[in-house]
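Q: Letter by letter, the chains look like this.
2 protein chains.
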Amino acid sequence: MTNGATGPLDGLLVVDLTRVLAGPYCTLVLQDLGARVIKVETPAGGDDARHYGPFVRGKSAYFMSLNRGKQSIALDLKAPKDRAVFEKLVAKADLLVENYRPGTMDKLSYGWAQLHAMNPRLIYAAVSGFGQTGPYKGRAAYDMVVQAMGGVMSLTGHGGDQPTRVGTSIGDITAGLFGTIGILAALENRHRTGRGTMVDVAMLDCQVAILENAIARYAATGNVPGPMGARHPSITPFEALRAQDGHMVVAAGNNILFAKLAEALGEPGLATDERFATNDARTQNHDILKPRLEALMAKRPVAEWLAILDKAGVPNGPINNVAQALGDQQIVARNMVVSSDDAVAGTLKMAGNPIKMTGFPDPSTRGPTPDLDADRAAILKELGL
Amino acid sequence: MTNGATGPLDGLLVVDLTRVLAGPYCTLVLQDLGARVIKVETPAGGDDARHYGPFVRGKSAYFMSLNRGKQSIALDLKAPKDRAVFEKLVAKADLLVENYRPGTMDKLSYGWAQLHAMNPRLIYAAVSGFGQTGPYKGRAAYDMVVQAMGGVMSLTGHGGDQPTRVGTSIGDITAGLFGTIGILAALENRHRTGRGTMVDVAMLDCQVAILENAIARYAATGNVPGPMGARHPSITPFEALRAQDGHMVVAAGNNILFAKLAEALGEPGLATDERFATNDARTQNHDILKPRLEALMAKRPVAEWLAILDKAGVPNGPINNVAQALGDQQIVARNMVVSSDDAVAGTLKMAGNPIKMTGFPDPSTRGPTPDLDADRAAILKELGL
Numbered sequence: 007m008t009n010g011a012t013g014p015l016d017g018l019l020v021v022d023l024t025r026v027l028a029g030p031y032c033t034l035v036l037q038d039l040g041a042r043v044i045k046v047e048t049p050a051g052g053d054d055a056r057h058y059g060p061f062v063r064g065k066s067a068y069f070m071s072l073n074r075g076k077q078s079i080a081l082d083l084k085a086p087k088d089r090a091v092f093e094k095l096v097a098k099a100d101l102l103v104e105n106y107r108p109g110t111m112d113k114l115s116y117g118w119a120q121l122h123a124m125n126p127r128l129i130y131a132a133v134s135g136f137g138q139t140g141p142y143k144g145r146a147a148y149d150m151v152v153q154a155m156g157g158v159m160s161l162t163g164h165g166g167d168q169p170t171r172v173g174t175s176i177g178d179i180t181a182g183l184f185g186t187i188g189i190l191a192a193l194e195n196r197h198r199t200g201r202g203t204m205v206d207v208a209m210l211d212c213q214v215a216i217l218e219n220a221i222a223r224y225a226a227t228g229n230v231p232g233p234m235g236a237r238h239p240s241i242t243p244f245e246a247l248r249a250q251d252g253h254m255v256v257a258a259g260n261n262i263l264f265a266k267l268a269e270a271l272g273e274p275g276l277a278t279d280e281r282f283a284t285n286d287a288r289t290q291n292h293d294i295l296k297p298r299l300e301a302l303m304a305k306r307p308v309a310e311w312l313a314i315l316d317k318a319g320v321p322n323g324p325i326n327n328v329a330q331a332l333g334d335q336q337i338v339a340r341n342m343v344v345s346s347d348d349a350v351a352g353t354l355k356m357a358g359n360p361i362k363m364t365g366f367p368d369p370s371t372r373g374p375t376p377d378l379d380a381d382r383a384a385i386l387k388e389l390g391l
Numbered sequence: 007m008t009n010g011a012t013g014p015l016d017g018l019l020v021v022d023l024t025r026v027l028a029g030p031y032c033t034l035v036l037q038d039l040g041a042r043v044i045k046v047e048t049p050a051g052g053d054d055a056r057h058y059g060p061f062v063r064g065k066s067a068y069f070m071s072l073n074r075g076k077q078s079i080a081l082d083l084k085a086p087k088d089r090a091v092f093e094k095l096v097a098k099a100d101l102l103v104e105n106y107r108p109g110t111m112d113k114l115s116y117g118w119a120q121l122h123a124m125n126p127r128l129i130y131a132a133v134s135g136f137g138q139t140g141p142y143k144g145r146a147a148y149d150m151v152v153q154a155m156g157g158v159m160s161l162t163g164h165g166g167d168q169p170t171r172v173g174t175s176i177g178d179i180t181a182g183l184f185g186t187i188g189i190l191a192a193l194e195n196r197h198r199t200g201r202g203t204m205v206d207v208a209m210l211d212c213q214v215a216i217l218e219n220a221i222a223r224y225a226a227t228g229n230v231p232g233p234m235g236a237r238h239p240s241i242t243p244f245e246a247l248r249a250q251d252g253h254m255v256v257a258a259g260n261n262i263l264f265a266k267l268a269e270a271l272g273e274p275g276l277a278t279d280e281r282f283a284t285n286d287a288r289t290q291n292h293d294i295l296k297p298r299l300e301a302l303m304a305k306r307p308v309a310e311w312l313a314i315l316d317k318a319g320v321p322n323g324p325i326n327n328v329a330q331a332l333g334d335q336q337i338v339a340r341n342m343v344v345s346s347d348d349a350v351a352g353t354l355k356m357a358g359n360p361i362k363m364t365g366f367p368d369p370s371t372r373g374p375t376p377d378l379d380a381d382r383a384a385i386l387k388e389l390g391l
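For the protein sequence lines, the chains are Y and S, in the order given. Just so you know, we're using our numbering here: the first sequence kicks off at 7 and counts up by one. Just so you know, we're using our numbering here: the second sequence kicks off at 7 and counts up by one.
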């Protein structure tokens, strides 16, 4: 099912000044959609993430998983000769993405006004911790800082004296995703106006954007929502429940599903008990319902309950660790575990592209990760330098 | 700073069949970028989320926060007269988004092949729990199910016997974001080919796509990563630390920052202690470093440390609850808390749009939320019906 193109963004050129995670995640998504991404790295070691573990034969698996399929050129943006190369690249590019602290590009004389003058069609996306405006704009931020400040940490975990981070860097990742959306919206706009736009995405803003029903709950009631462990705040039962040999998730989101669950657990009367007859009643009486459910679930191991609830049509799932998730038959069938070959490190597994599009290939092997400055000669030749 | 357009997607028409969260989140992002979104809802109660609490004077604050600025028409897609209306809408639309269980659209004779024949320029995005292919495609999924199956829950929390969900529905939200990216990429492709594409995004796939360094760690070492509480797995100190009156986040990601931190805490010798001299050493010796840091931090309250570390240039942040986050001066300055007026419920606060774009307005008041079928007459008139 391919039309000859590698993706819907085929032919677009991205000049990629990003480092570490939020920016590289954005340009990885663009690359997976067919764009050509040229990483412009500092000659002194390149992207910091090249030096983050874990390493496979000296190469960073972390870096490879975020930069497969990209190209690399090392440029010193303070040296006139390298600046000339960079400016030639900018003149040819469709997109420029950076995740420096605000002000860094201005200091290099590559702020939005200058870039826009150099190439009016260029779309410029700046992904930063706090954004290009506001009182904190000059501060550095990291994932855990914005998870804490944006409120997500206050909603995650079991409360008490143990703050809990989301176990993956959603502070960076959501900024990368909103940045990608901004870039693609600017691309649509460029078809209308012929001109590029600057996109300003802040990690902290994105944390607010994903607070979801917590804002509505606070806005409607004035009560500040807290952490709920592994339970949904307003749907019951919709949580992790303990079976004989461990936990699993059960999501009976309405009365029909709850009746099916009660039947499958061998106590259909639960569904007609007035304390549990409606979702509101179940949520009010969670403290007495949960032990009743777990007493029934204690009779069988997780594997048996998964099969029983599947058959009964009650949404449920195992709590997979990363190895189990990557081996799950659906995840494998969806080509969500791909590989990339490296001359030194060998073949490494990494996450695939979750955007499946009719007419475009979704290869199970992705392009290699460039060594620092690996594509210099080819890029200079292309630029006529 | 407006060019007269409300957003880069001005003039695009979205037919929105989505319900609850993942799909409505996607069309909310499109709406914030200027697209016109017409919700097509079932006449029997409309989008399920209209009936989810919390309620303000009988209206769902949850629903309002996801559907502001959209229009609504109630159509029974099994009734010939309403199907004719729907087909007129499809003929005019640029985008159609749905988050039914796979197969539902086919049963209505509105599968991709049929929609594509009706309007070859239409872009069709299907957001589902497990995707349109693979062994689980027919199953229903909910946020907590995919958080559990995709591995994110295994990385979140403090381990032991307490499974921990991410406190916001990132299973739905990331699918909404990747769906939006797929739609916008298909739009770029339509400029080249004149034809629409089908985009298939699964919530479970998106959970794999955000596992980040957990996959690299597992792939490189064979060790299955577990939950880390509020700590980064490979950077130290990069975690929640206890001060005199509570916790705060400290992110000293390299040796220079660690030296600044040690100085600010009043014990500069920590940075030259060989057990803590490099990030690897600090990570190895986390068990002895953390109590040393917390003993120093116990001398002052969080508010004082925030000011001291800011001054020292060490990235840090308070662990804000939702009320504190929404009141944070940076979040306010970035217009990340907007409001929407409702004739019955009054003014409700909700999250703003984190994609800030030069040349487009970012209003602090957003459009109202439609009552079910509120826009029927106007839409029928527009369609000449």
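Worth double-checking, as some hints may not be accurate.
[Claimed, not checked] Per label pair, the in silico range of CB-to-CB distance:
#1 S:Glu280 to Y:Pro297: 48 to 58 Å
#2 S:Pro141 to Y:Pro274: 25 to 35 Å
#3 Y:His57 to S:Gly165: 46 to 56 Å
#4 Y:Gly232 to S:Thr110: 55 to 65 Å
#5 S:Ser240 to Y:Leu391: 30 to 40 Å
[Claimed, not checked] Here are the computed lysine-lysine pairs in the DSS-like style, where the Cα-Cα straight-line distance is at most 25 Å:
#6 Y:Lys317 to S:Lys84
#7 Y:Lys143 to S:Lys387
#8 S:Lys65 to S:Lys355
#9 Y:Lys143 to S:Lys317
#10 Y:Lys355 to S:Lys143
#11 Y:Lys143 to S:Lys113
#12 S:Lys143 to Y:Lys266
#13 S:Lys387 to S:Lys94
#14 Y:Lys113 to Y:Lys65
#15 Y:Lys84 to Y:Lys94
#16 Y:Lys317 to S:Lys387
[What the hints assert, rightly or not] Simulated coverage check for chain S against chain Y, where a stretch passes if three residues somewhere in it have a Cβ under 8 Å from a Cβ of chain Y:
#17 266-277
#18 296-308
Calculated directly from the structure, the hints in this document are not laboratory data. Note that the Cβ used here is the ideal one computed from N, Cα and C, for glycine as well.
Q: Given the hinted pair Lys317 of chain Y and Lys387 of chain S, is their Cα-Cα distance within 25 Å?
A: Violated. Lys317 of chain Y to Lys387 of chain S sits at ~47 Å, over the 25 Å cutoff.
Q: Are Lys65 of chain S and Lys355 of chain S close enough, with their CA atoms no more than 25 Å apart?
A: 14 Å, holds
Q: Starting from Lys317 of chain Y, check that the Cα of Lys84 of chain S is at most 25 Å away, please.
A: 28 Å, violated
Q: Keeping to a limit of 25 Å between CA atoms, is the pair of Lys355 of chain Y and Lys143 of chain S held or broken?
A: Since the Cα atoms of Lys355 of chain Y and Lys143 of chain S sit roughly 24 Å apart, the hinted pair holds (cutoff 25 Å).
Q: Given that the region 266-277 of chain S was listed as covered by chain Y, double-check it with a C-beta distance under 8 Å for 3 or more residues.
A: This one is violated; 0 residues, fewer than the three required, reach chain Y with a Cβ under 8 Å.
Q: Holds or violated: 25 to 35 Å for the Cβ distance of Pro141 of chain S and Pro274 of chain Y?
A: Given range 25 to 35 Å: holds, Cβ gap about 30 Å.
Q: Checking one constraint from the list: CA of Lys143 of chain Y to CA of Lys387 of chain S, max 25 Å. Satisfied?
A: This hinted pair is violated, its Cα atoms lying about 48 Å apart.
Q: Straight-line Cα separation of Lys84 of chain Y and Lys94 of chain Y no greater than 25 Å?
A: Given that 25 Å is the threshold and the Cα spacing comes to 15 Å, the pair holds.
Q: Does the structure keep Lys387 of chain S and Lys94 of chain S at a Cα separation of 25 Å or less?
A: 12 Å, holds
Q: Can you tell me if the region 296-308 of chain S counts as covered by chain Y, using C-beta to C-beta distances under 8 Å and a minimum of three residues?
A: Coverage by chain Y is violated here, the residue count being 0 at a Cβ distance below 8 Å.
Q: Does the Cβ-Cβ separation between Glu280 of chain S and Pro297 of chain Y fall within 48 to 58 Å?
A: Given about 52 Å between the Cβ atoms, the range holds.
Q: Decide if the proposed pair is consistent with the structure: Lys113 of chain Y and Lys65 of chain Y, CA atoms, cutoff 25 Å inclusive.
A: Measuring from Cα to Cα gives roughly 32 Å; hence the hint is violated.
When the structure is compared with the earlier hints, violations turn up for hints 3, 4, 6, 7, 11, 14, 16, 17 and 18 and for no others.
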